[in-house]
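K.L.:
Here is how the chains run, residue by residue.
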Amino acid sequence: MLEIRGVHTFYGNIEALKGVDLDVHEGEIVTLIGANGAGKSTLLMTVCGSPQAQRGSVTYEDTEITRMATFDIVRLGIAQSPEGRRIFPGMTVLENLQLGAITTNPDFFEDDVAKVFDLFPRLKERSNQRGGTLSGGEQQMLAIGRALMSRPRLLLLDEPSLGLAPLIVKNVFRVIEKINKEGITVFLVEQNAYHALRIAHRGYVMANGKILKSGTGKELLADPSVRAAYLEGG
Amino acid sequence: MQNTFEYFLDQLINGVTLGSIYGLIAIGYTLVYGIIGMINFAHGEIFMIGAFVSIITFLTLGIMGITWVPLALVIVLVMSMAVTSVYGWTLERVAYRPLRGSPRLAALITAIGMSIFLQNYVQLLQGARTKPIQPVITGGMELMSSKMPDGGTYVVSLSYLQAIILILTIVLMTVFTIIITRTPLGRAQRACEQDRKMAALLGVNVDRTISLTFVMGAALASVAGTIFLIRYGVIDFFVGFLVGVKAFTAAVLGGIGSLPGAMLGGLLIGIIEAFWSGYFTVEYKDVAAFGILVLVLIFRPTGLLGKPDIEKV
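In order, the protein sequence lines correspond to chains A and B. When the letters of the first sequence are read in order and numbered with the numbering used here, they come out as residues 1 to 234. When the letters of the second sequence are read in order and numbered with the numbering used here, they come out as residues 1 to 313.
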């Protein structure tokens with residue numbers, strides 16, 4: 001579904017991605033784990049064309065999207081809940097969701113909002129509250145909900161567990177599995193390697209802009225070097 | 001002075017009409033600032049072009065024999081909005097878009113350059129002499145009258161022209177507020193204001209949204225141009241400068257970036273000017289308007305309705 005081949009991305013003179021190859025197949029949860037600054041978020045943003053890859057190619061369902069504009073890429077059915085959530089703080093929860101639905105037929109809106117509220121009942125209670133007044137966990141729910149409003153086929157999630165209480169983290173991962181079971185392919189970037197690898201079909205490990213390892217979630221969980229670097233003591 | 005209340009009412013009506021012009025232009029400043037964080041100093045010239053398109057259309061309609069005022073006015077407004085919007089769109093496309101992402105100073109200097117360019121462009125095309133127009137809308141209604149001590153009568157009247165200006169401004173501002181707060185386009189604009197990158201990630205065409213913002217600002221400024229023309233009867237290529245600066249002052253006074261702020265600021269500047277001219281001296285009316293701005297900025301740097309810039313953590 002998503003093919004990333006030899007992608008190099010630069011921020012100015014800094015090479016953030018140094019030739020990344022990665023695949024996401026339809027129906028999977030694929031996770032990308034790695035330390036801070038490894039280039040995980042850059043890879044997600046490169047998929048969305050912001051920034052664009054300098055070399056290499058990104059292909060989504062046989063369409064090369066490497067040089068496409070961001071707003072055209074997401075119209076193909078890719079949605080992202082980005083690093084830092086980036087909800088619109090000055091707008092209400094409902095307006096945030098309306099913005100998520102900007103690319104879809106307005107007739108779907110009622111149904112889609114109901115689905116999101118079903119997934120995150122807290123958002124329904126707060127639907128007229130401004131985004132900036134939500135707690136961290138609620139903002140994360142809103143960011144995921146907003147991404148779902150565009151009826152994506154591929155959902156990119158950037159550290160959905162960051163800064164959340166353990167109980168809420170569990171809930172977020174449960175929701176991700178549920179979304180996946182409903183047929184949405186998920187590409188999940190996480191530092192919380194344990195949870196991510198447990199729900200993922202396959203995983204990649206990234207460091208310094210390169211993919212170090214890949215395998216099924218189980219294999220990586222059992223891999224001694226992965227355990228040492230990302231699971232124990234962390 | 002006798003008839004104090006009547007005199008006050010007269011000045012108030014004048015102030016509100018003048019404030020309508022400033023308010024309509026100020027919206028353009030505030031919207032553009034909100035979405036790309038630059039002061040479009042050429043916006044006063046957009047207003048001036050709106051006034052010129054209006055006068056050309058009026059005269060053409062006169063030659064064609066269309067003199068029924070309501071029809072002529074509608075045609076003039078539509079023409080002026082359409083043509084001026086194209087100028088607004090082109091301005092952003094040619095002068096500002098290539099500079100997006102460059103330092104603020106570059107955009108600011110370009111805006112001043114475009115302002116000078118547009119003034120000279122109109123001067124070359126239309127000549128430097130002032131262009132007069134016959135009064136289009138005459139007559140009015142008497143609001144109240146009272147006896148003066150010397151035996152005459154003091155009449156407070158609202159001319160039809162002022163009534164039309166007020167209604168037009170109220171309608172435009174209402175429609176506009178609805179567009180910004182209720183429609184997908186308005187939501188996209190506010191999204192671009194808050195986080196352009198995220199807006200793009202959701203599928204908003206950011207460039208197109210910015211273009212449309214310029215078009216909307218230009219359309220409102222062109223209406224202000226039409227109003228200015230029929231209210232004062234003369235225009236020249238330099239008319240956009242002072243009015244533009246005043247409208248910019250209004251936007252800052254109300255809180256730049258805030259839509260209701262621009263409307264309020266415009267109204268206030270208009271009223272201050274009218275009262276100062278009415279009770280003190282006409283010569284110093286600009287000093288009064290700018291003086292109030294200085295005071296407001298000292299005590300409320302974000303303007304009357306502006307929100308303080310809260311740093312995101």
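Calculated from the structure, these hints are not laboratory results. Honestly, I wouldn't trust all of these hints.
Stated by the list, open to error - A short, non-exhaustive set of chain A residues, derived as facing chain B with CB atoms under 7 Å:
(1) 86
(2) 94
(3) 98
Computed from a predicted model, the values in this text were never measured in an experiment. For glycine and all other residues, C-beta sits at the position ideal for the given N, C-alpha and C.
K.L.:
Are any of the numbered hints broken by this structure? If so, which, sorted upward?
P.N.:
2
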